[in-house]
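Build out the structure end to end from the sequences listed, making use of the hints.
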Amino acid sequence: MTVATGRGWRRDVWPGIHWIQECGGHRAGIARSVLESGADWYRPGNELYVPQNAYLLTGERTLLWDTLSPASGHILLPALEELLEGRPLDYLALSHPDVPHAGNTMQVLRRYPDCRLVAPATGETHALYHLDDAMKVGPEDEIDLGGLRVRFPEATFLDAAIHTWMSEETTRTLFTVDWMGFPHQSGESLRRTDEIDTVVDVGRLEEFHSRVMFWFQYVVPEKVTAATDALAVQFAGYGLAPAHGLPIPGADAAPYYERMNQVVRRVAASGRGGVL
Amino acid sequence: MSAISLGGGVSWVHECFPETDGHIHVSVYLVEAPEGAILMDSGSFHHRQRLSDRISDATAGRGIGAIVLSHSDYPHSGNIPAFRRDWGDFEIVASCGDADLQGLPYARRTKIGDVTDVLGRRFVVLDPPLADRNHTTWVYDETSRILFVADGFGTLHAPGACDIDWGRIPEDGRAEGVHEFHAQTLPWLRYADPNRVMDALHAMLERHPPAWIAPIHGPPIAEADVDRYMADLSDALTRIAAS
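Sequence order for the protein chains is A and B.
Here the working numbering is used: the first residue of the first sequence is 1, the next is one more, and so on.
Here the working numbering is used: the first residue of the second sequence is 1, the next is one more, and so on.
One or more of the hints may lead you astray.
Using 25 Å as the maximum straight-line C-alpha spacing, the simulated SDA-like pairs for lysine to any residue come out as follows [what the hints assert, rightly or not]:
#, chain 1, residue 1, chain 2, residue 2
1, A, K223, B, E180
2, A, K223, B, S243
3, A, K223, B, A241
4, B, K111, A, L35
5, A, K223, B, L201
6, A, K223, A, T156
7, A, K223, A, G271
8, A, K136, B, T20
9, A, K136, B, C16
10, A, K223, A, F235
11, B, K111, A, R266
12, B, K111, B, H202
13, A, K223, B, R239
14, B, K111, A, A269
15, B, K111, A, A31
16, B, K111, A, G274
17, A, K136, B, F17
By construction, these hints were calculated from the structure, which means they are not laboratory data.
Only a predicted model underlies this, so the values are computations on that prediction, with no experimental measurement involved.
Right, dumping it as structure tokens:
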């Protein structure tokens, strides 16, 4: 669905980084779970969303990070048209070829035929995803967009082999794909975490990760928390731009790493929360 | 050869994709049900024409009446639109929280724990301990006692060993094939406690004892070989967790 805010379905989130959001439908099951947990951030009767986010980076050259789900081509393509204002789309970079992230890839490439498709270098089955001719990127690679510079650090928390995260070094933004997602409610769409009145606490992060990262139920928590702690050091001060939550400014990001450590311990102790 | 029978009305329609360290299966299974043929996953677009031809051959040209989809990952779901053009708007049975987001607006949703009827045949929908996408499900066919396990229980195999079941793969290199598959396909296993994963799998096999385990990315595993596979898998998970 198109987000019903005064700003429509897209906004600028940080300089040169534009955010296009697909909220999907109301997640009644998760809303029930939130209410049963006694959480105080969710107001009964509000719609609750687990969004898909795409980000358009505009320097001298342009790059789109992910494409939303196939249900939202009608959101993505007009947003791109408006944001690009007649400029070409130079790169389409996919975090991973999962349907809710890559669902409009062909539509975008048809609309912008000179656009270079960028895909994670990891994995061996690119041809099974139409990615065999894509430009493959990994931790050693950087794309200079002219005013913005993107890198492709290893995806620390991932579900499939062909997967990468992305960072933008000028604004110091880390795009964490499926990690650090969380639900939001009516009135919070297209807002950063510093622009909403409710808290993003451990329970709210757990509602997402206990479903999407169902495998937390099988982990040695100390292994995951060590990896999270390493990320907190490596990307200290970076803003976080997840694919399924609201962007978190760099100045506010540090406590989120510890909250995620608590999420992992909880899911490892109590099991998955369901299916998204 | 269009398909290899596993008994109980279930056939393996195998396809492979070459990787650096061996071949990986990207297969499907055909299940004869009272009201038509069911396809377990749709395979990759990479093998579309061959799969279409082999399924037509195996069904005497009738095609399929339903697909039970483990998850929406493209090598599993990529042929649904083409097969619907070939054989009509057959039923899609899939597990997911939001079918639209997965590109499956026409799917009948199932959820973990369901016992669902597809074309007159009953399947138990299970929570998979080995999976990539969160909405993946495994299904147990009560009629044949075959456990369909999507991305679980895979094995890389050598060229030339594409159409034999797991127990007939030469022992030299077989365990390594189990390790290689899981190391590359399920990267989260680096964080896993092997005992927790193995305990969940043993509990499932005890509750749903399989005549065959039927993976998409490996050869089928006969009941007599399950213990040996589980031993190799346990070793593989331990190696991955230690790496």
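Hints and how they fare:
no., hint, result
1, K223(A) with E180(B), "holds, 21 Å"
2, K223(A) with S243(B), "holds, 12 Å"
3, K223(A) with A241(B), "holds, 10 Å"
4, K111(B) with L35(A), "holds, 22 Å"
5, K223(A) with L201(B), "holds, 22 Å"
6, K223(A) with T156(A), "holds, 12 Å"
7, K223(A) with G271(A), "holds, 17 Å"
8, K136(A) with T20(B), "holds, 17 Å"
9, K136(A) with C16(B), "holds, 23 Å"
10, K223(A) with F235(A), "holds, 19 Å"
11, K111(B) with R266(A), "holds, 23 Å"
12, K111(B) with H202(B), "holds, 22 Å"
13, K223(A) with R239(B), "holds, 15 Å"
14, K111(B) with A269(A), "holds, 23 Å"
15, K111(B) with A31(A), "holds, 18 Å"
16, K111(B) with G274(A), "holds, 9 Å"
17, K136(A) with F17(B), "holds, 20 Å"
Hint violations for this structure: none, all hints satisfied.
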